[in-house]
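Peer 1: One-letter residues, chain by chain:
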Amino acid sequence: MSDPAISVTGLTKRFGTRTVVDDVTLEVAKGEILGFLGPNGSGKTTTIRMMCGLLEPDEGKGQVLGLDILRQRNAIKRRVGYMTQKFSFYEDLTIEENLRFVAGLYGMKPARAVVRDTLADLGLTTRKGQLAGSLSGGWKQRLALAACVMHKPDLLMLDEPTAGVDPKARREFWDEIHRLAVGGLTVLVSTHYMDEAERCHRIAYISYGKLIAQGTVGEVVRDAALTTMVLTGPRVAEAAQQLRGASGVDQVAPFGNTLHVVGRDGAALRATVAIVAEATGCRAEASETSLEDVFIQLMGQATDNMA
Amino acid sequence: MRRLFSPTRLRALLVKESIQMRRDRLTFAMMLAVPLVQLLLFGFAINTDPRELPAALVAPTQDRFTRSMVSALELTGYYRFIAPDATADAAERMIARGDVSFVVTVPSDFGRRIERGDPAQILIEADATDPSVASGAISTLSTVAASALAREAGVTPPQPAVEIVVHRRYNPEGITQYNIVPALLGVILQLTMVMMTSMALTRETERGTMENLLSMPATPLEIMLGKVLPYLVVGAVQVVVVLLAARVIFGVPLIGSLALILGGVLLFVLALVILGYVISTVSRTQMQAMQVTFFFFLPSLMLSGFMFPYRGMPQWAQWLGEIFPLTHFLRLIRSVMLKGADAATVADSLAALTAFVLVFALMALLRFRRTLD
Chain E
413 MSDPAISVTG
423 LTKRFGTRTV
433 VDDVTLEVAK
443 GEILGFLGPN
453 GSGKTTTIRM
463 MCGLLEPDEG
473 KGQVLGLDIL
483 RQRNAIKRRV
493 GYMTQKFSFY
503 EDLTIEENLR
513 FVAGLYGMKP
523 ARAVVRDTLA
533 DLGLTTRKGQ
543 LAGSLSGGWK
553 QRLALAACVM
563 HKPDLLMLDE
573 PTAGVDPKAR
583 REFWDEIHRL
593 AVGGLTVLVS
603 THYMDEAERC
613 HRIAYISYGK
623 LIAQGTVGEV
633 VRDAALTTMV
643 LTGPRVAEAA
653 QQLRGASGVD
663 QVAPFGNTLH
673 VVGRDGAALR
683 ATVAIVAEAT
693 GCRAEASETS
703 LEDVFIQLMG
713 QATDNMA
Chain H
2 MRRLFSPTRL
12 RALLVKESIQ
22 MRRDRLTFAM
32 MLAVPLVQLL
42 LFGFAINTDP
52 RELPAALVAP
62 TQDRFTRSMV
72 SALELTGYYR
82 FIAPDATADA
92 AERMIARGDV
102 SFVVTVPSDF
112 GRRIERGDPA
122 QILIEADATD
132 PSVASGAIST
142 LSTVAASALA
152 REAGVTPPQP
162 AVEIVVHRRY
172 NPEGITQYNI
182 VPALLGVILQ
192 LTMVMMTSMA
202 LTRETERGTM
212 ENLLSMPATP
222 LEIMLGKVLP
232 YLVVGAVQVV
242 VVLLAARVIF
252 GVPLIGSLAL
262 ILGGVLLFVL
272 ALVILGYVIS
282 TVSRTQMQAM
292 QVTFFFFLPS
302 LMLSGFMFPY
312 RGMPQWAQWL
322 GEIFPLTHFL
332 RLIRSVMLKG
342 ADAATVADSL
352 AALTAFVLVF
362 ALMALLRFRR
372 TLD
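Chains as they are written, first to last, in this note's numbering: chain E, 413 to 719; chain H, 2 to 374.
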């Protein structure tokens, strides 16, 4: 296998006394789509910023595209496309003017043709004179992505790119990401959405600055070793009340008319559920553990250093 | 139960407002400290009846009559002879540059004429570009000669003995506009240039576009030039407008070289836009940038010689005034426009402005954060 696109070890970043990213070691292969998951404030954005040269790590080292993240920041910037969490192009410039600006900064030639092709790919040729600030969330996101890949980067870092975007636009966005990855682009994308995590080749889960799980979705779910039971019946609400805090039960989550019950200790969970199901007249059966169940579990286990 | 005024609601608003006020440390400090600093600074520095103004003496024969005239002038409290034995040429350069406000010329036959009882003259040339500076010093002259010679010769005023001839140089009619309008060019440029560029980076930070800008390959020098150069164009428009107005509306003479004026203006504007940029590298918000700009603006108006005569301020205040580009620009533009000074005469001011450009540019590049840290 060729050199990894990202290979960092022991990345640590402190803001004052608070350690926001704590000893993160991560490797991403070329052409891979890595989903970077974690709750709000877990250090996803900070980690991404360190890897694309926007923040200086307090500790740790590593390479991005074979370039040193401490000493070769400028070279990294030329080969990485970074899409920020908040739309950060100029709202008071038109779509075309924004793209022109980016093309100019990367010294793309001929800038005019590159911008024209990008506009055509985006389907925004007729609206190129519109101010970027007047675009809807979905279009802003597409514009930002187009601007980030215009200079043909080898690595794309996307920070919660689909926040506030409707499902159809999200679907199209992910199709585009996969198309780009097939072309050899490595993608690191942070997200909260479980369905998006499942569209990644691999995922890494960070919580309170620590990387606590990584692998394929299947591996992460398997490694969590959770048992999940689903209860159905007219009195699931009552069952939920009885199950909360009961022996072997870690999570109780209603999904419509059903109840998902998750626990680490399979035997204890099954025993408890059987008793409650009996008492409330619900039907209980074993189910697949979902990625979401795993994440809720991981979040609960991680020590809270924000308090 | 909708009342027009509820003490509870007002209280909630007041509490919230005072918390926010205290959280914004810079604003809070400025509100408390700045008035005090400015009160002390300006209270001691500003003097509308300037005394001990620098003067040069051109007296080929330094006899006892000359000496007594000089000491009589010094006794008025308005004159301080910093060049007591100047040649006519040197004195001319000093007054053109603004180093001295007066040149006192005592002719070589002055003593002989007095002894013979012939009428004698001395010449006082006053730099009248700022009419208010010269007026006090000139008003005392009528009694000076009489008292000086009375003491020296031991005689009661030798009948129409000494005549003091006063030349109000550069602005004989004492028109205030001649002094103020060229200076206004500096003040207007300073206000707009520094304020606009001081927002340059904070605007990017506040709108969230800074992160994107930094993630793309642009060097700090490129970013700085990209931010400040457009304002040079705005500055150029202002310069043309003010100079035309000075000429056409106010009839201010333009004696010196226009190229020299424009060269000086260019240096001054460059210094200003880069200074604004420096402010924007240290400010976190546009609001802070504004505050810092104003904190800088007021003293520069007061201590540069725009509002009050520079030479009338105490020495420490004059030294303080040297740190403002406006001080040097005012010296330059007044010398060139009103006195026809050439490049050699204003070389000090040009050098000072160049130094500001270089120092500010260095500060800006060092302060610029290439990362979001």
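It should be emphasised that the hints constitute simulated quantities derived from the structure, not laboratory data. From a predicted model like this one, the values you see are computed outputs, not experimental measurements. There could be a bad hint or two in this list.
[Claimed, not checked] With a cut-off of at most 20 Å between alpha-carbon atoms, the simulated EDC-like pairs for lysine to aspartate or glutamate come out as follows:
#1 E:Lys-552 / H:Asp-374
#2 E:Lys-498 / H:Asp-374
#3 E:Lys-552 / H:Glu-205
#4 E:Lys-498 / H:Glu-207
#5 E:Lys-540 / E:Glu-508
#6 E:Lys-564 / E:Glu-444
#7 E:Lys-473 / H:Glu-205
Peer 1: If any of the earlier hints don't hold here, list their numbers in rising order.
Peer 2: 1 and 7
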